[in-house]
Amino acid sequence: MLNTLLPVLLFTALGLAVLGALRRVRLWRQGRPSKVDLIGGLLAMPRRYLVDLHHVVGRDKYMSNTHVATAGGFVLSALLAILVHGFGLHNQILGYALLVATVLMFGGALFVYKRRLNPPARLSKGPWMRLPKSLLVFAATFFIATLPVAGILPEGTGGWILVALLGLGVVWGVSEMFLGMTWGGPMKHAFAGALHLAWHRRAERFGGGRSTGLKPLDLEDRSAPLGVEKPKDFTWNQLLGFDACVQCGKCEAMCPAFAAGQPLNPKKLIQDMVIGLAGGTDARFAGSSYPGKPIGEHGGNPHQPIVNGLVDAETLWSCTTCRACVEECPMMIEHVDAIVDMRRHLTLEKGATPNKGAEVLDNLIATDNPGGFAPGGRMNWAADLNLTLLSEAKATDVLFWVGDGAFDMRNQRTLRAFVKVLKASGVDFAVLGLEERDSGDVARRLGDEATFQQLALRNIQTLGNYAFKRIVTCDPHSFHVLKNEYGALGGMYQVQHHSTYIAELIAASKLNLGQHKGGSVTYHDPCYLGRYNGEYEAPREVLRALGIKVREMQRSGFRSRCCGGGGGAPITDIPGKQRIPDMRMEDIRETEAELVAVGCPQCTAMLEGVVEPRPLIKDLAELVADALLEEEAGSPAVKVQPARRKPAEVH
Amino acid sequence: MNTKVISLVSIGAHPGSGRTRRAEQDARAVELGLQLAGQHLQVVHAGDPREEALRAYLGMGLDHLDVLEQPAGADVLGVLGDYLRDAGAQLVLTGSQAETGEGSGMLPFLLAERLGWPLIVGLAEVESIENGTAQVLQALPRGQRRRLKVRLPLLATVDNAAPKPRQSAFGPARRGVLAARNVMVTQDELLTGAELQPARPRPKRLKVIKAKSGADRMKAATAKASGGGGKVLKEVSPQEGAEAILKLLVEEGVIR
Ligand code: SF4
Ligand code: SF4
Numbered sequence: 001m002l003n004t005l006l007p008v009l010l011f012t013a014l015g016l017a018v019l020g021a022l023r024r025v026r027l028w029r030q031g032r033p034s035k036v037d038l039i040g041g042l043l044a045m046p047r048r049y050l051v052d053l054h055h056v057v058g059r060d061k062y063m064s065n066t067h068v069a070t071a072g073g074f075v076l077s078a079l080l081a082i083l084v085h086g087f088g089l090h091n092q093i094l095g096y097a098l099l100v101a102t103v104l105m106f107g108g109a110l111f112v113y114k115r116r117l118n119p120p121a122r123l124s125k126g127p128w129m130r131l132p133k134s135l136l137v138f139a140a141t142f143f144i145a146t147l148p149v150a151g152i153l154p155e156g157t158g159g160w161i162l163v164a165l166l167g168l169g170v171v172w173g174v175s176e177m178f179l180g181m182t183w184g185g186p187m188k189h190a191f192a193g194a195l196h197l198a199w200h201r202r203a204e205r206f207g208g209g210r211s212t213g214l215k216p217l218d219l220e221d222r223s224a225p226l227g228v229e230k231p232k233d234f235t236w237n238q239l240l241g242f243d244a245c246v247q248c249g250k251c252e253a254m255c256p257a258f259a260a261g262q263p264l265n266p267k268k269l270i271q272d273m274v275i276g277l278a279g280g281t282d283a284r285f286a287g288s289s290y291p292g293k294p295i296g297e298h299g300g301n302p303h304q305p306i307v308n309g310l311v312d313a314e315t316l317w318s319c320t321t322c323r324a325c326v327e328e329c330p331m332m333i334e335h336v337d338a339i340v341d342m343r344r345h346l347t348l349e350k351g352a353t354p355n356k357g358a359e360v361l362d363n364l365i366a367t368d369n370p371g372g373f374a375p376g377g378r379m380n381w382a383a384d385l386n387l388t389l390l391s392e393a394k395a396t397d398v399l400f401w402v403g404d405g406a407f408d409m410r411n412q413r414t415l416r417a418f419v420k421v422l423k424a425s426g427v428d429f430a431v432l433g434l435e436e437r438d439s440g441d442v443a444r445r446l447g448d449e450a451t452f453q454q455l456a457l458r459n460i461q462t463l464g465n466y467a468f469k470r471i472v473t474c475d476p477h478s479f480h481v482l483k484n485e486y487g488a489l490g491g492m493y494q495v496q497h498h499s500t501y502i503a504e505l506i507a508a509s510k511l512n513l514g515q516h517k518g519g520s521v522t523y524h525d526p527c528y529l530g531r532y533n534g535e536y537e538a539p540r541e542v543l544r545a546l547g548i549k550v551r552e553m554q555r556s557g558f559r560s561r562c563c564g565g566g567g568g569a570p571i572t573d574i575p576g577k578q579r580i581p582d583m584r585m586e587d588i589r590e591t592e593a594e595l596v597a598v599g600c601p602q603c604t605a606m607l608e609g610v611v612e613p614r615p616l617i618k619d620l621a622e623l624v625a626d627a628l629l630e631e632e633a634g635s636p637a638v639k640v641q642p643a644r645r646k647p648a649e650v651h
Numbered sequence: 001m002n003t004k005v006i007s008l009v010s011i012g013a014h015p016g017s018g019r020t021r022r023a024e025q026d027a028r029a030v031e032l033g034l035q036l037a038g039q040h041l042q043v044v045h046a047g048d049p050r051e052e053a054l055r056a057y058l059g060m061g062l063d064h065l066d067v068l069e070q071p072a073g074a075d076v077l078g079v080l081g082d083y084l085r086d087a088g089a090q091l092v093l094t095g096s097q098a099e100t101g102e103g104s105g106m107l108p109f110l111l112a113e114r115l116g117w118p119l120i121v122g123l124a125e126v127e128s129i130e131n132g133t134a135q136v137l138q139a140l141p142r143g144q145r146r147r148l149k150v151r152l153p154l155l156a157t158v159d160n161a162a163p164k165p166r167q168s169a170f171g172p173a174r175r176g177v178l179a180a181r182n183v184m185v186t187q188d189e190l191l192t193g194a195e196l197q198p199a200r201p202r203p204k205r206l207k208v209i210k211a212k213s214g215a216d217r218m219k220a221a222t223a224k225a226s227g228g229g230g231k232v233l234k235e236v237s238p239q240e241g242a243e244a245i246l247k248l249l250v251e252e253g254v255i256r
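The listed protein sequences derive, respectively, from chains V and P.
Residue numbers for the first sequence follow my numbering, so the first one is 1 and each next one is one higher.
Residue numbers for the second sequence follow my numbering, so the first one is 1 and each next one is one higher.
In case anyone wonders, no lab produced these hints; they're calculated from the structure.
Using N, Cα and C, we set each Cβ at its ideal position, and we do this for glycine too.
Incorrect hints may appear among the rest.
What the hints assert, rightly or not - Now the stretches of chain P that chain V is said to cover, found in silico as 3 or more residues with beta-carbon under 8 angstroms:
#	stretch
1	59–67
2	92–99
3	160–171
Turn these sequences into a full structure, and let the hints steer you where they fit.
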């Protein structure tokens with residue numbers, strides 16, 4: 001009896017699954033075209049899954065082992081079950097193999113079950129609570145059904161009752177595992193996930209690479225939409241990527257905006273995109289909502305504008321583009337790309353950049369700096385420093401990219417400190433002076449791709465007039481943009497953050513450094529230096545060279561928490577329950593350090609904005625400049641005491 | 001509303017960089033116009049249709065902008081007046097003073113004079129338009145508002161009391177059409193013939209502050225200027241009124 005029932009069930013389920021797959025593919029193909037290597041991607045997929053993805057999943061040992069057992073067990077069981085029970089190959093060896101596979105899967109599923117007993121808030125409930133049971137049923141049913149094949153039990157054991165029970169088990173198991181895979185159950189992640197890995201929009205991320213620069217809009221192509229208005233404006237492989245989400249909520253747990261109570265939850269955002277792709281409402285979403293926004297009031301479909309239907313604009317503007325979500329996502333989904341794509345539409349088509357957004361963009365267009373300062377004042381901070389201008393020198397070793405911090409009194413201290421370091425090292429350096437413009441970072445994160453490209457192209461043109469070996473900057477945002485985003489517009493440079501460059505100078509003994517005096521120190525990793533560019537070591541090396549033992553925060557390195565200053569978030573300023581810099585300051589206070597070393601003008605501004613008493617904030621350049629020993633190494637120079645001027649009398 | 005609303009715009013210049021942009025007040029005139037007439041708003045510039053800064057107005061959501069083609073230095077008064085009359089304008093909005101060119105702030109006055117229309121200075125809000133009459137709020141110093149009823153057609157200048165202009169977006173700015181129109185060119189006799197010289201600083205009402213403390217100084221600086229010698233003239237003939245004003249201007253040193 002079972003021998004006729006099982007093949008029928010198995011093949012019906014498989015057939016329906018294929019139909020579901022075709023339907024799903026049709027949904028993805030509503031998206032816009034995208035250049036991907038279809039065959040090459042498929043061939044690379046197993047490696048991407050086994051190596052790159054497990055590199056991310058492996059951070060959570062429990063889950064990674066569980067997944068290997070469950071998924072590995074399932075794939076083997078499914079293949080063998082089709083052979084043994086589908087095609088009726090009642091071979092004893094195959095039978096034993098199938099038994100082993102189902103045991104493996106059952107074991108894995110037990111751990112899935114255990115995790116689901118008391119799930120953390122970040123996990124979605126709903127159908128996901130059913131999944132471990134379905135896994136167990138699938139494994140158990142096929143185990144029992146295979147016992148006779150392996151010759152352990154005689155054929156026909158258990159009679160009709162067992163056949164009926166097994167039949168039910170198989171229906172449950174294959175419905176979840178085969179149908180659910182393509183018709184939208186939790187197992188969809190396996191099908192969509194595998195293809196997402198194959199046709200990922202950033203193939204460079206695999207094989208240990210890094211790909212964090214935003215992709216340019218082709219502004220020449222008048223027929224291309226300016227950003228994403230409706231789900232169908234995403235490229236098809238972006239849509240596919242959203243479908244791969246397993247709702248693990250690792251992104252949610254790391255998102256600073258979510259923690260601050262701003263109306264953003266990257267997991268929900270991705271799920272909303274899935275709703276947009278398939279059509280429907282978010283009523284059945286079984287995870288945490290956007291803070292302050294009840295579930296069940298939003299819905300959409302591929303042809304309906306996303307904003308104010310599916311997602312509210314504030315959700316998109318809450319993001320600091322810190323990439324913590326992308327860094328954590330085991331499915332390698334690109335949240336930031338999606339968010340910026342939708343912002344592009346709001347800014348470029350709707351003119352709806354909130355709060356100070358419009359003003360900042362206007363300033364960038366009219367004055368090349370976000371503050372709207374007269375461009376002629378760009379070098380005022382260095383009036384007494386006699387810096388070499390590239391317009392005069394034409395060539396230099398190090399081009400010091402000053403950034404818009406030039407207009408900010410606090411940041412000017414950092415800039416002057418770095419100049420002191422550069423001068424002490426004796427390297428040949430120069431600045432662009434008034435020829436420098438904003439890098440375009442903020443414009444781009446605010447979705448104003450047009451202004452970004454204008455600024456970038458003009459900067460590239462200016463840089464093209466001069467000869468230099470490398471660009472060094474104290475601003476991780478300029479650093480990222482110059483290094484990773486100008487390339488697509490024709491500007492290829494060797495760019496370094498000042499921490500990296502100072503570390504090099506120290507390694508080459510170009511700096512005569514004393515020790516840091518002034519208490520314990522912790523270090524805050526800027527998102528755009530760390531997660532965007534993988535530079536975690538150089539700043540710490542510099543601090544070590546100053547004799548500092550960094551008191552690491554719990555969230556440091558690739559898990560560093562954003563200061564709240566990126567992505568134009570201070571400009572769009574979406575209210576939440578607390579402020580992100582305050583939360584970061586709490587992290588800092590936990591280390592009981594008296595000083596926090598930073599390497600970014602935004603971080604400096606955000607953290608210094610936290611009310612006192614709080615630890616001091618100093619840029620790495622300031623710490624190094626403070627520790628410089630005045631004497632030239634080797635030559636016992638006479639210390640010239642600068643004539644102390646009498647303090648002016650005050651009455 | 002089927003009142004024909006037209007906003008006049010000029011090329012602005014950023015005070016810090018001098019780079020051309022949409023003029024701040026003219027953009028407010030467009031904003032007010034859009035709020036009143038939506039897509040029916042007509043926007044006009046007299047000048048160079050190739051000026052890219054005009055696109056910043058299109059970016060506010062206009063599908064086209066009429067440009068009465070004029071060389072630099074032309075007197076645009078005539079062509080603007082003809083255009084407004086031919087277009088059947090009912091409500092014409094413009095900034096108080098241009099950021100480039102002469103920037104005398106005289107155009108609205110001369111235009112109103114030429115058309116024989118009433119002029120409202122510092123329009124803050126249009127409350128209603130009914131039966132050919134507009135009820136509006138005019139901005140006075142220190143946040144005060146005056147409610148006026150004025151018959152149409154009328155010309156109004158807006159300043160910073162008018163609503164903030166919406167953001168200019170790249171997409172509509174790029175798509176919008178700068179529709180050049182060939183019109184007559186009149187030489188600006190005054191500009192070509194007369195001599196330009198730097199303006200003298202405007203005379204200020206003398207305020208003698210005898211404050212002792214900072215608080216007093218603050219109070220004095222923010223207090224309403226109160227000319228103690230003011231006079232209320234009632235039911236006098238225009239002649240007498242004008243003479244009284246002239247006398248005061250001479251006394252105050254505004255006219256020498
Ligand atoms: S980039 Fe940062 S702020 Fe934005 S959604 Fe991801 S984690 Fe949240
Ligand atoms: S987007 Fe990624 S990290 Fe977030 S819930 Fe989905 S799979 Fe997990």
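Hint by hint, here is what the structure shows:
{"no.": "1", "hint": "59–67", "in the structure": "holds (count 3)"}
{"no.": "2", "hint": "92–99", "in the structure": "violated (count 0)"}
{"no.": "3", "hint": "160–171", "in the structure": "holds (count 6)"}
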